[in-house]
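*Asks:* Going down the list, the protein sequences come from chains R and E.
Just so we're aligned: 272 in numbering that gives the first Met the number 0 is position 273 of the first sequence, and the numbers increase by one with no gaps anywhere.
Just so we're aligned: 98 in numbering that gives the first Met the number 0 is position 99 of the second sequence, and the numbers increase by one with no gaps anywhere.
Just so you know, the hints here were simulated from the structure itself, not pulled from any lab data.
Nothing here was measured: the structure is a model prediction, and the numbers come from that model.
There could be a bad hint or two in this list.
Label pairs and their in silico Cβ distance ranges [as the list claims (entries may be wrong)]: (1) E/Val26 to R/Gly99: 27 to 33 Å; (2) E/Ala361 to R/Lys131: 22 to 28 Å; (3) R/Asp66 to E/Leu313: 40 to 46 Å.
The C-beta atom is built at its ideal place from N, Cα and C for all residues, glycine as well.
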Amino acid sequence: MSFEVKHLQKKFGDKQAVEDLSFELREPGVYALLGTNGAGKSTSIRMILGILAKDHGEVLLNGENFDTRKVNVGYLAEERGLYPKYPIMDQLLYFAALKGLSADVAMERIKYWGDRLKVTEYLFPERKKGKKFKPTLADQMSKGNQQKIQLMAALISEPEFLILDEPLSGLDPVNTDLFKSVIREEIDKKKYIIMSSHQMPVIEEFCEDITILNRGKAVVQGNLNEIKKSYGRVNLFVKCDEDISDTISTLGIKVVNDTPAGVQLKVGSEAEAKNLLKQLSDANKTIVRFELREPSLHEIFIESVGGSPEDNTQDNTKNKAEEK
Amino acid sequence: MNKSEFRGFKQVFMFEFMTGVKKPAFVWFLIIICCIAFLSTPLMLIIGNSQSDDETSSDVPQKSVIETVYVYNETGLSIDHNNLKSSEKYSEVSFVTDNTGSYDDAVESLKSNSGSKDLVLKEEYDEKKGFEITIVSSGKSGIKDAAIKSFKEDYTEFSREETLKNLNVSSEDYDYMSKDINIAIMEEKKDGSFTADEGSISATDYTVLLGGLMILFLFINMSAGNVSTSIATEKSSRVIEYLLTGTRPMALLSGKIAARLVETVITAVASFSSYYLSQVVCLFFTVDRTAAASSSDNVVMVSSVWETITLPKLSIAIVYFLLGLALFSILGALAGASVSKLDELQDAYKLFTFIMIFSVYADMFLIIMMLSANASDAMRNFFTIFPFTGAFLTPALILTGKISTLTGIIALIVMIIAAGLMFVLAGAIYESMLLFQGKRLQIKDIIALMKKQVVE
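Excised from the complex, chain R in its bound form (with noise of 0.2 Å):
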């Protein structure tokens, strides 16, 4: 199976939310899409489930137009919600039978799912005797339980691709882990799966493939490991017992962060680090720590959108503004 995004674009007036965004999934496995807030991943998101039109551009599945109504896809939304005053079972039922679930199939797997995300109680409350049977509401439930049942509505169709929109924002470590555990599980079913998150290390440790999305552009796109390697290994951590700054000022090396616990530079080869190791070691300098490394996938996001991240908020709020 081949999943293929080409030259998918959105304006909203004079905005342009997604600009000429295309990426491919050939295998099965979690292909993330980053972005500070308003950079146009809900966008793109929408425009590949094809609930948003597209000004431009086709999403393939095997070569042919990705059809929510023919392809058994699970949706976790960004804008996650439910019918406020609606039994929760009452809803998933009906979600179910959306995907062409049969009520006895439904019921089979709402219960499993109850029991693995631990929602069994306002599934299937206690019936009281001698009072009437008060199902839970939606509204009576936490957002973390809300945002499970949710899950469940994404899962219940077992579906064969899975596009997750920040599905951990919000959760308490528990259950962070506890929707981890869930999405490692799909992707060992071999599930293709698209997410979309604002966490890092949580990309890290699911994806290969990312796309990094800066006002509508994919500003980087690839393999994880292979952008890191591109960037090369320019990351030194250095602490010595000693004061180092005239070192690395001689030098001209660039200070990313000076912190008790060592300096942090930005080197421009492994040859500038060689350098400054030999030039600490002729100075005597104790050197306690000592570490190359390639850039995190936090600081190539940095670098890719520019700017802090709360510059990216400010200036993303206003985007938002103006597409509203």
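Got chain R; can you put chain E on it based on the hints?
*Replies:* This is chain E only, laid out in the frame that chain R set:
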């Protein structure tokens, strides 16, 4: 719009219908409307019976509490009040006709005698006004209003008989002369046939048309309100995004509307069944009672309206009603889709409410004009055929026979076209409005969406 656009229709319909009928608001509404329908006939019977009892009691020869009636006959006719005394009811009443004082003196005298059971009566004749009878009682009279009212009715009858005697006209001749004269204006139609003018309506028709208008307004308003609230809820809770991966907007829209239509049909059938059952029960219990004949007039009054109903008329009216309901539900859906939050819905609903209220007022105006026989054919036909006004009134006009079956069919065709166009139009802008999460869309924004049609 192909078949796949309606994928998920059945599931949406079932969910909307099941959650709709489970809502306490729907259950209570159904119970209340069925109770009203069931109790309407007994209530009319009770009211009818109480009136009938009053009339019956006046026929019973109970003696009147009136002691003396001072009569001032200024008509010039010879009236023998002993004829009134011949009835047992007034046998002990004194009719004083040879009064020495004036009428004004007698009235003054009555004022000073509080608690007296006397009356002063003056009969006059004016060439322009006709016969005028004035009955005066004391402010603190010992005679109850019911007794005076009864005396008034008896005296009117007595006075008429005495007048006829004076003119040597028998009561049979009088009855004959008093018969109504009904005039029908026949107009030649294009096919050469003559048909009577249908412009005016009776008081009964007026009641039925107005009642029908109010009932349809209630159903249409409820249905459209439910559709718009449902859509606004899906938007504000963001559940719409999930739904759109399993179904299409047209399926969502049509599923919701169909669910509301079925709910309305259930309510209408249940309430009509309650009403019919009520009629059967009441007729069964009143069949042997003397009061039944008069009190069941209320039952007959409405029942007579049904006599004009034929199967084709009923079919056209039902289909027309459902299409009208669908038309306004689509408008309600657009109002719901134009907002992002539930609390903005009331604001978005203003235009929709205005269209609905304006249409209902226009229909009421037509009914009043028809009652006063001032409604022209063109006006009636326009209100009947124009979908917004027709939605509330045309079914009742068809059923009561106030418009011809042909006009009904034309109105139905126009309604089908209007509802179809509205559905296609709504489909064109519904999807983009569904995912819109900004401030409430204004009419100009919606028109822009229609022109741009950003939907695939």
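*Asks:* For each hint, tell me whether it holds in the structure or not.
*Replies:* Here's how the hints hold up against the structure:
Roughly 31 Å separates the CB atoms of valine 26 of chain E and glycine 99 of chain R, a value that falls within the hinted 27 to 33 Å. Between alanine 361 of chain E and lysine 131 of chain R the C-beta distance comes to about 47 Å, which lies outside the given range of 22 to 28 Å. The hint said 40 to 46 Å for the Cβ distance between aspartate 66 of chain R and leucine 313 of chain E, and at roughly 44 Å that hint holds.
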